[in-house]
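Asks: With these hints in hand, go ahead and build the complete structure from the sequences.
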Amino acid sequence: MELLCPAGSMPALKAAIEHGADAVYIGLKDDTNARHFAGLNFDEAKLKEAVRFVHLHGKKLHVAINTFAHPDNYRRWQHAVELAANAGADVLILADIAMLAYAAERFPHIERHLSVQASATNAAAINFYRQFGISRVVLPRVLSIQQVRALARSCDIDLEVFAFGSLCIMAEGRCYLSSYMTGQSPNTAGACSPAAFVNWQDNDGILESRLNGILIDRFSPGENAGYPTLCKGRFSVGADTYHALEEPTSLNTLDLLPQLYAEGISSLKIEGRQRSPAYVAQITKVWRAAIDAVIAAPDHFSVQADWQHVLASLSEGSQTTLGAYHRQWK
Amino acid sequence: MKFSLGPVQYFWPKDQMLQFYREVADSDFDIIYLGETVCSKRRELKFDDYFAIAKTLHEAGKQVCLSSMTLYEAPGELRELRKYIDNGEFLVEANDVGAISMLQEKNLPFVAGAAINCYNQHTLRQLISMGLSRWVMPVELSGQWLAEILSQSVIADIRCCFNTEVFAFGHLPLAWSGRCFTARSENRSKDQCELCCINYPAGREVKSQDGTDVFVLNGIQTQSGFRYNLVNQLNTMADTVDIVRLSPQVEGTFDWLAKFKANINGAAPQQLSVTDSNGYWLNLAGMATG
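These protein sequences, in sequence, are chains A and B.
Just so you know, we're using our numbering here: the first sequence kicks off at 13 and counts up by one.
Just so you know, we're using our numbering here: the second sequence kicks off at 172 and counts up by one.
Hints are computed from structural coordinates only; laboratory data are not their basis.
Among the hints, a few may not be true.
Here are the simulated lysine to any residue pairs, SDA-like style, with alpha carbons at most 20 Å apart [unchecked claim]: (1) B:K378 x A:V249; (2) B:K378 x A:F231; (3) B:K378 x A:L219; (4) A:K297 x A:S278; (5) B:K233 x B:K432; (6) B:K277 x A:F144; (7) B:K217 x B:D257; (8) B:K277 x A:N139; (9) A:K41 x A:A207; (10) A:K58 x A:L95; (11) B:K378 x A:E220; (12) B:K212 x A:Q159; (13) B:K432 x B:N403; (14) B:K378 x A:I218.
In this text, all values refer to a predicted model and were calculated from it rather than measured experimentally.
Replies: So this is what it looks like as structure tokens:
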């Protein structure tokens, strides 16, 4: 079972490798990946440096090219595939059918993983993508552990699941809420609820967060004011005002680790390419210890209190959830 | 330009559905999509019921297409999908690539629905080679984006092999989740939902704390808070759009079809309401109006 950690910069990548990641995933410095944020990601020189560093330590580098190519700038996505392949990336994480086909034809020797943005939630969908020679599927965060188990048992392909980090509650790659409000979505722009559209206003002690002018939440003095990701705001339905879609919490699957291990899940993915090197270091350390513990004694695994403590302190609103893995969440 | 009626996105009681489709049979819609596209727990109409309605509509002179679900998670749901694929008579709209995979195996042509991620000419060409005969563009794309794709040489050569369709009226399907938001709004879990979405024939409105319509909850689906309405854009679609889709409303669906048909060439523009939007088509935020 692989520990796959995020990196938005060289320091974060080094932190991940030095604290026990088996592999690191990164994106290029443009809108070809789903974390297209200012000051983040890798240009060609940094990409080459990343490949060198990761290979020097005997680990793997995955490059996410997982937005959907635009008709007028199509060449940019092809170029991203070429850049990653020629730099020596071990894996391409792809979502667009056109990019899967292109990579399979031009660089058949480089592993292709199906990005979570391709939204493959069932055996038939996984079957569809086999025609592009994928070797692994990253499962969307909408599935319950029972559904993950059914796929693990019925599909003869490596599965990767999200283990920790921000919780996307919609089937990834098929959520247009962000473009509905701002014009930019993960699919088209590599961003959800982009920072350029965020506005904070203090009204007599009540802090309001807005996204492109739409009120996402109001916070009383002393309340923890989270980033206005649009699906995590407080809205009114009928007479009630509440987190109509989801609370600001993070996904944490430590409790499920023995089950995921028993089902032969190939890789645990940590979300957070936008996070700091210090965050990546701490998360990686905890998950390295947890995975080592489950491999050493799968029947005697117990979640250690200090792991949970560290993870909770690094979570949105200091809260964590099993998300859709736990049926009750649904 | 033809006009299509999308599948009913909401959960309506059986009698209401049967009455609605009786009216559809007498309507001016050219193409009818029907089937459950949102939640497999909605069983007021089963596959056989939809198939029977499809036959009646076909006899009434309509082109009929069976729409399949968007989010398949369980093996049982795929068995239900198999019935759609094996119907033997009607074209199927795939809203998940899993359906395309099954249709491909049978060498059947298909409609790629708006939830299939086709954003560029090369993906579209791939889908055409797999059997796509009609393409419903993702709802978040603009008229300009569509024109850009269709003007590329890899598509221009095979433009005669497929039709294009645009979602042009109704609350936009924007997201699907493992979670049921209607059940959540009644403090129920999905497993104990008691099919409460049947109490909301137009979904449940979600407003911001200062009163803006933000979303509509429709079970596991989240829709746009505003009604998408491209009635005044039809005269810009002549070169790119073959079929214009209207999504069934609780009331007024057929009146709106008449308004759309009257304004194909821009002769009878309509005043949009404050809760209408057309932003996506105009390359703006979806909820904007241009």
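Asks: With reference to the structure, classify each hint as holding or not holding.
Replies: Quick rundown of the hints versus the structure:
no. : hint            : verdict
1   : B:K378 x A:V249 : 7 Å, holds
2   : B:K378 x A:F231 : 17 Å, holds
3   : B:K378 x A:L219 : 18 Å, holds
4   : A:K297 x A:S278 : 19 Å, holds
5   : B:K233 x B:K432 : 17 Å, holds
6   : B:K277 x A:F144 : 19 Å, holds
7   : B:K217 x B:D257 : 15 Å, holds
8   : B:K277 x A:N139 : 14 Å, holds
9   : A:K41 x A:A207  : 17 Å, holds
10  : A:K58 x A:L95   : 12 Å, holds
11  : B:K378 x A:E220 : 15 Å, holds
12  : B:K212 x A:Q159 : 16 Å, holds
13  : B:K432 x B:N403 : 11 Å, holds
14  : B:K378 x A:I218 : 19 Å, holds
Hint check: no violations occur; every hint is consistent with the structure.
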